[in-house]
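There are 2 protein chains.
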Amino acid sequence: MDNFPVVGQRIPKRDAPQKVTGSAIYIQDLKIPGMLYGKILYSKYPHARILAIDTSRAEQLPGVKAVITGYNIPPFKFGFFKDNPPLKSGKVLSMRDEVAAVAATSPEIAEEALEMIQVEYEELPGIFDPIQAMQEGAPILHEGLKSNVLKLPWRLICGDVDTAKKESHCIVEDTFSTQWVTHCCLGTSGCVASFDINNNLTMYSNTQIPYLAQRDYIDALNVFGIKNRKVRVIQCIIGGGFGSKLDTYAYEYIAILLALKTRKPVKVLFTREEEFIATSPRQSTITKISHGCTKEGKLLFREMEMILDNGAYTSWGATTPSVMMMPISSLYKVPNVKYIAKCVYTNNTYSQAMRGYGNPQATFAIESSLDQLAEKMGMDSYELRLINANEPGEITPQNFKVTSCGMKECIEEVAKRIDWKGKRGKDKGRGVGMASLIHVGGGARVYKSDGCGTIIKIDDYGKVDVFTGASEIGQGSETVIAQIVAEVLGVNVEDVNVINNDTDVCPWDVGVHASRTTFVAGNSALGAAKKIKEQILEIASKSIGEAPEHLDIQKGLIFSTKDKEKNTPLGKVLRNAHYSTGGKMLMAEYFYDPANENFDKDFKGNLSVSYAYGTHGVEVEVDRDTGRVTILKYIAAHDVGRAINPMMLEGQIYGGGLMGIGYALSENMNFREGRLMNPNFLDYKMLTAKDVPPVEPVIVETNDKDGPFGAKGIGEPGLVPTAPAIANAIYDAVGIRIKDLPITPEKILKALKEKEKRGQSGEEGK
Amino acid sequence: MDNFPVVGQRIPKRDAPQKVTGSAIYIQDLKIPGMLYGKILYSKYPHARILAIDTSRAEQLPGVKAVITGYNIPPFKFGFFKDNPPLKSGKVLSMRDEVAAVAATSPEIAEEALEMIQVEYEELPGIFDPIQAMQEGAPILHEGLKSNVLKLPWRLICGDVDTAKKESHCIVEDTFSTQWVTHCCLGTSGCVASFDINNNLTMYSNTQIPYLAQRDYIDALNVFGIKNRKVRVIQCIIGGGFGSKLDTYAYEYIAILLALKTRKPVKVLFTREEEFIATSPRQSTITKISHGCTKEGKLLFREMEMILDNGAYTSWGATTPSVMMMPISSLYKVPNVKYIAKCVYTNNTYSQAMRGYGNPQATFAIESSLDQLAEKMGMDSYELRLINANEPGEITPQNFKVTSCGMKECIEEVAKRIDWKGKRGKDKGRGVGMASLIHVGGGARVYKSDGCGTIIKIDDYGKVDVFTGASEIGQGSETVIAQIVAEVLGVNVEDVNVINNDTDVCPWDVGVHASRTTFVAGNSALGAAKKIKEQILEIASKSIGEAPEHLDIQKGLIFSTKDKEKNTPLGKVLRNAHYSTGGKMLMAEYFYDPANENFDKDFKGNLSVSYAYGTHGVEVEVDRDTGRVTILKYIAAHDVGRAINPMMLEGQIYGGGLMGIGYALSENMNFREGRLMNPNFLDYKMLTAKDVPPVEPVIVETNDKDGPFGAKGIGEPGLVPTAPAIANAIYDAVGIRIKDLPITPEKILKALKEKEKRGQSGEEGK
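These protein sequences, in sequence, are chains A and B.
Residue numbering for the first sequence follows our numbering, beginning at 93 and increasing consecutively.
Residue numbering for the second sequence follows our numbering, beginning at 93 and increasing consecutively.
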């Protein structure tokens, strides 16, 4: 592949200095004159009937400007199924149910007022297990429904699994389960809702989806009696997204309602405890999986059934099974696939998007099961993976069109770097494991548009302003977009300013999800930059005396590619174009919507223009006395198409890997009857700097034909195959397979003991 | 002319609600975390040598973060001649000379610190009269120069005045003078300079010229050692411009220097007294004028010589003679013109742009002199004006190409409405007068570009965001631009959002001057809107089944102009275009630079694409005992091309008229030896609501071929002919001609007494 002066360079993240020096303005820092502080009263029970709410004492507290409940706001429900009112009346369905809210002149007064609100409940029996919730006679959570199972058609049938089963030489079947985990954003959730006197709303928000949120707010305002007004969403600097901000939430509507009632800006800002209990995490799953293959190890079928704990309300999280279909149908070549998923209402918190969007849960089952299949076949699981690895040009059973694909290279790189052959099964107590991934790498058409707009203007001295629809949520989109534009226009990356936080100013974008920003926003920026470059070369053509197609720009110099002596500074060309009668300053706009497809009614279609692949390999040591797993080596090989910025890309892989390791070994929202027992960083074991294992990122470049400069998306994949790779390594190390995440020392010790028992009684063992 | 649903409607100014409710954020209201307050120490003498500055006590005051003087900053000068350092060293040349500045944690501490700075001066003799300053042997203010007369080639020669003089049937000659007046912006000047950690500067400013100011700041930063960094100018809501913010000033550079030194944002905000003494007002002038005409009253020549008090430094104000050339050469048809102007350094404050930019000074002399000519000819001055009135198609001696011209209509409308024939010369003590104007109405090419850019995007529901280079300074540009865009796109004006206050976001524009915004920014917005409309109709063409050229949009409905039943809602077309693979959201950009010309070296060329005309007529009553002038009736007829918004246009005429009446009758910066004696609204007599006479705006529409929907600029003209119209009316009322503005009761009483004396001794009288 070509080398470029800007693309491919290790350029520091441009938002880093303000973040490390503390000058970044987060929602926490934002103050607006006259602003009030909103606080939310949550339910006392996971399931109860509200008999009475008395807010009179709270209303009389000096400094309190408004108290609202589900009984004095317009009837409005939000969420994917519109089943969630911002403040509940009648019944509460989970501990996080919002019962009342206060706006006051200080957070302390608002907090004090909450304590003065008297709510009388009649406690109802709760259902916290989706299997119980599905049973005949279980109480139905939502009135008007006949079942707690959501009416969602999650069913994918490719080929003929029943016939494939009969033809299979070897079949394995098992059940795997995963836990609730939360995003752990360091910046807690919050917003400021502010109406102007014409009732136009400005919402300062941490959202990852400014334009979809804007629509949500407009819908809400229509219900609240504010018709045909303007909603502007301004993103503050965001302290972590990871999918948590991929929807709108009760607290946002509460801020809006309080602002409407008080005619003042109202800020709602979560405490750390609220961030744990009142944001929507990755749901727990129970997955039955079966794999079959030929005598040679070629996969013949994959069958999966999954139960997902939806929690009490339905958010976008209920649609994760659609994304799970991607690895289920297309991770490795497997001709026959069947998948059925059920999302079930319970009195737990409700689930949402989280990095990977279901892929980690599905891949945990798939990649664990594949190791079981290899073992049963007596094959090296590395060989099984290579035999079945995806390849360029393949069309998968779900109709994904594989273009660039470096999966084999990833598997081989991992095996080489982890010394697979040398270490596999050799050293008892130590072991190696691997797992692969597929993910969307060229956008994902989960909404009616997967588009992103860009506007570019360039000044008289070659300084560039880029307005992008893409949101910087810490993932580095600003830097990547600046690099792409700088590369095209032949200017220094410092001369490209990226503006990305205001729906008034920035063109539309569907949001930060599906690892789509580098690909989609990158292509959009590329398109706009090329349009400007075309104009520049057209103008320069006259002064240089060379056809535009033989001109290029580098380091601010426009030159003839046929004769580098024929050149002129970019700034001079721009000023000449500007400073004359009928002059012009150059601007360009471009809207890029990838040529991917929405699924058809059978969930088939080319969801993404390109797919990202990767393989993680891990060497672990398991302490048989404590059950403690130590990661000795961690290789994360990713097919990224092209690294626009290797340093940031490594950061993404590194961060994803660590998040995945936490998912595998330690993170768990410990719910007891709907109550979260560990809503803090002491008890919720997110990995910290102290726990960091040496993750070694390996960048495999395949130069994707559709990606900007060949790049694919890489935001999510880092955590997708981590848990099964570790589970497989643990099995290699000590011969026990933990099928229920997280793989805690307790579970390992218990399994070791059981294995010992079985060993003594002559049963199965490695 | 056509009637339009939005253009031509009386739509309230869209910034009015926030201004009247106090929610507008002016620079006064702006607070940035960590912000310091800067204060400036001014000179104690109008002319002195600085012997020593001791800042040590000030530096030790708790809360003081920096003290700077001309001795510890990099050498840098700004202004049109680069003759003005932000802080002076060596010599001070006026009372407003900046000697030191302080940044402190509060304005009070900064103020206290100023008092602790000890400056030792050696007072020098001052020169406060430009005529004295031109005399041989007068001390030279600026070292290195040989004369106090600025080296500026203000000299216009058209035709042959000497011959014309000989051929003239009648000649008048006289001398007129005008006073210093200031803008009286209700929002005082101020800025906040803020550097990020990469040394990029954000300047929050009241400027009328964000993009030229940006260049000025970049030039300054280069001198200050900050190379190749980004400067962003954000305009707060501006409490009045009137030309006062058409340059960069010492206080801005001082804020930048203090911010650089303290690494904190620094706000400098003028008190009302500073606003009087340290901003740059309209200069005083002394004009010798001569007119000659044929027997029939056709003007044959106009000759003018002018002396302008430049003050101590040179700002853009020194270039006002170039604009004065416009009325001098082209107000009425006059084939032979000669004009020479001299700008002279004095130890007064220094002059700057102010509404009309020299035109009021020049027109006072011209229109007073014309009345004298008519009298000498024994003609009605109304007839003289009609005979010589400008006409469409005319090319003036300065090579102005007159396109639309409603001057005759204006003269006739005024005569009719003021009952000229009925009131002229009839009622002693009461009288009528009139005066006309020409001004640029289609931009003015005073810089290398007269351009303005626009970007438009439209959302899925037909809501429009317009980014314009134009600055809203209270003149109503937001509203006018919204109307133009709404008209083109067939949407409600409320659905058009105009963004206009940020150099990052908004395309380039040369600035708010020369009454150019409606014309230039309007045409720019029009061009962008037409581009989007074209895209919309192209897309709609398919679904409606009608060629784009037979489609139009009104009230959000796209319809066939051949068959109105064939239609579809705009929003639906936009959503269809967006919500499909390879979809698109519509955006467009447009840069408009009018086809006007920079003057050539002889000051000839078609400065503007179009010219605005107008005539004011006034009926006054003069109290012979007190000298007090009462305006009984005031008619202001203006050729505006087309009124985009008659209500706002009337507001501009009304405001201009009042400002002109203040100029004529009461306003005066009372300098005594360089010291301003009336730096407050009690002693500086700006007209208030109590003094408001009944100004009756008359809108004459000529549908300019190049203007947006036929409109021309109207920002400045309202004050141009006011003073001579009043002076002429006073002459008609009581037979005295005041040739020196303002026309105070004292001057009238004095003139009445002198006239009485002359009358008694049988001399000249009316």
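Take the hints with a grain of salt, since some may be wrong.
Same chains, same names: a pair is fine if it fits in one copy or spans any two.
Straight-line C-alpha distance at most 25 Å; calculated DSS-like pairs for lysine-lysine [stated by the list, open to error]:
id, residue 1, residue 2
1, 123, 111
2, 356, 123
3, 390, 849
4, 664, 842
5, 169, 518
6, 725, 520
7, 647, 513
8, 647, 468
9, 540, 676
10, 105, 696
11, 634, 387
12, 622, 676
13, 777, 623
14, 847, 105
15, 664, 319
16, 725, 123
17, 319, 520
18, 513, 839
19, 782, 105
20, 654, 777
21, 319, 696
22, 520, 656
23, 353, 258
24, 518, 622
25, 623, 676
26, 696, 238
No lab work stands behind these hints, which were simulated from the structure alone.
Now the hints, each set against the structure:
1. 123 / 111: both (18 Å within a copy, 21 Å between copies)
2. 356 / 123: Intra 12 Å, inter 18 Å, cutoff 25 Å: intra and inter.
3. 390 / 849: Neither: 35 Å inside a chain and 123 Å across chains, both beyond 25 Å.
4. 664 / 842: Neither, since 74 Å and 61 Å both go past 25 Å.
5. 169 / 518: Answer is neither; intra-copy 58 Å and inter-copy 78 Å both fail.
6. 725 / 520: within (16 Å within a copy, 106 Å between copies)
7. 647 / 513: neither (48 Å within a copy, 72 Å between copies)
8. 647 / 468: Neither. Shortest intra-copy (59 Å) and inter-copy (71 Å) distances fail the 25 Å Cα cut-off.
9. 540 / 676: Intra 36 Å, inter 12 Å, cutoff 25 Å: inter-copy only.
10. 105 / 696: neither (38 Å within a copy, 54 Å between copies)
11. 634 / 387: So residue 634 and residue 387 fail the 25 Å test inside a copy (69 Å) and across (57 Å) alike.
12. 622 / 676: both (17 Å within a copy, 17 Å between copies)
13. 777 / 623: Result: close neither inside a copy nor across copies, 49 Å intra and 56 Å inter.
14. 847 / 105: For residue 847 and residue 105, neither the intra-copy (49 Å) nor the inter-copy (81 Å) Cα distance is at most 25 Å.
15. 664 / 319: Answer is between; shortest inter-copy Cα gap is 18 Å, intra-copy 50 Å.
16. 725 / 123: Cα proximity of residue 725 and residue 123: none, with 46 Å in one copy and 51 Å across.
17. 319 / 520: Intra 69 Å, inter 62 Å, cutoff 25 Å: neither.
18. 513 / 839: neither (28 Å within a copy, 108 Å between copies)
19. 782 / 105: The answer is within: 24 Å in one copy meets 25 Å, while 60 Å across copies does not.
20. 654 / 777: This pair counts as neither: shortest intra-copy Cα distance 61 Å, inter-copy 70 Å.
21. 319 / 696: neither (39 Å within a copy, 55 Å between copies)
22. 520 / 656: neither (64 Å within a copy, 83 Å between copies)
23. 353 / 258: neither (66 Å within a copy, 80 Å between copies)
24. 518 / 622: Answer is neither; intra-copy 55 Å and inter-copy 74 Å both fail.
25. 623 / 676: both (15 Å within a copy, 16 Å between copies)
26. 696 / 238: Neither: 29 Å inside a copy, 86 Å across copies.
This entry does not satisfy hints 3, 4, 5, 7, 8, 10, 11, 13, 14, 16, 17, 18, 20, 21, 22, 23, 24 and 26, going by the numbered hints stated previously.
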